[in-house]
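Colleague: Listed below, chain by chain, are the residues.
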Amino acid sequence: QKEVEQDPGPLSVPEGAIVSLNCTYSNSAFQYFMWYRQYSRKGPELLMYTYSSGNKEDGRFTAQVDKSSKYISLFIRDSQPSDSATYLCAMRVGTGRRALTFGSGTRLQVQP
Amino acid sequence: EAGVTQFPSHSVIEKGQTVTLRCDPISGHDNLYWYRRVMGKEIKFLLHFVKESKQDESGMPNNRFLAERTGGTYSTLKVQPAELEDSGVYFCASSPSTGLSNEQFFGPGTRLTVL
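Protein sequences, first through last, are from chains A and B.
Using the numbering used here, you'd call the opening residue of the first sequence number 1374 and step up by one each time.
Using the numbering used here, you'd call the opening residue of the second sequence number 208 and step up by one each time.
One or more of the hints may lead you astray.
Computed cross-link-like contacts, PhoX-like style, restricted to lysine-lysine with a CA-CA straight-line distance of at most 20 Å [to be verified]:
#1 K261(B) / K251(B)
#2 K222(B) / K261(B)
#3 K222(B) / K1415(A)
#4 K1443(A) / K1375(A)
#5 K1429(A) / K1375(A)
#6 K222(B) / K258(B)
#7 K1440(A) / K1429(A)
#8 K1429(A) / K1415(A)
#9 K1375(A) / K251(B)
#10 K248(B) / K1375(A)
#11 K251(B) / K285(B)
#12 K251(B) / K1415(A)
Derived Cβ-Cβ restraints for the label pairs, each shown as a range [claimed, not checked]:
#13 N1395(A) / T280(B): 38 to 46 Å
#14 G1389(A) / N270(B): 46 to 54 Å
#15 T212(B) / D1451(A): 31 to 39 Å
#16 S234(B) / G1427(A): 45 to 53 Å
#17 G1389(A) / P215(B): 38 to 46 Å
#18 K258(B) / G1389(A): 44 to 52 Å
#19 K258(B) / Q1484(A): 42 to 50 Å
Residues from chain A that face chain B, not an exhaustive set, calculated with beta carbons under 7 Å [to be verified]:
#20 A1402
#21 S1413
#22 G1416
#23 P1417
#24 L1419
Derived from the structure by calculation, the hints contain no laboratory data.
By construction, the Cβ of each residue, glycine as well, lies at the ideal position given by its N, Cα and C atoms.
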C-alpha cells in the first residue's frame, strides 16, 4: 500500500469552476502538508503548505488538512485555463527528516 | 535570482553505461535533495545533503547510485552501471537552512532513458 494515495485523473472542468483535489495518507507521523503544481517538462512548484490540521487560504487557493481522517484537500476557485497542470500533494514528518513523500499527482485540465 | 539548474536536460544511454547528472542549487541554499520519478510512479526521495554531508540517504535504491556534493555547492548523481529500470526523471531541489523552511525549490529535472 502506498503511503500517499492520489487520484491521477485526468480531471476536466470548465473555466470558472471550483476544483477539488484530494489525497489520503496512512502515516500518522506526517506533520507538514504541501501542494505542488507541475507544468509539463518543468519541476514541481510549491503552491501551499500547511502545518498539522486546519485551513490555509492564498488567493484562489485553499488548502485543508484533516489529520483525524488522514485526508488533505486543495480547492481552486474561479479556475483558469492557466491552472491546467498536474497537482501533487506532498508531506513530511515533523522533525529532522526533510524527505518529502509525494502522491502520484492529479492532471487538471481547465477548458476555456 | 537563478533557480535550481540541472544538466543535462535529457540523457539517452545504453544499459551498462555510466551517466552523471549535475545539479546546481540556488546560491546560498545549504540543503540539496535528489528525487526521481520512474514511469507511472510517484516522485520518490533519494537523498538529502546539508552542505557537503549526506544527511539522509535512505531513498538511494542500491549501490549503483553515487551522489556527491564536494565543497557544498553543486551536486552530482552518478549511475554506474545503468539498468533499464533506472529510466525516469531525476529532480534536484534545494532549500535554505534558516528556520523551518518547507519550500524545496525544484529544478526542471533530467530525463534519463536507458536502452
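Colleague: Hints broken by the structure, by number, lowest first?
Modeller: 2, 3, 5, 6, 8, 16, 20, 21
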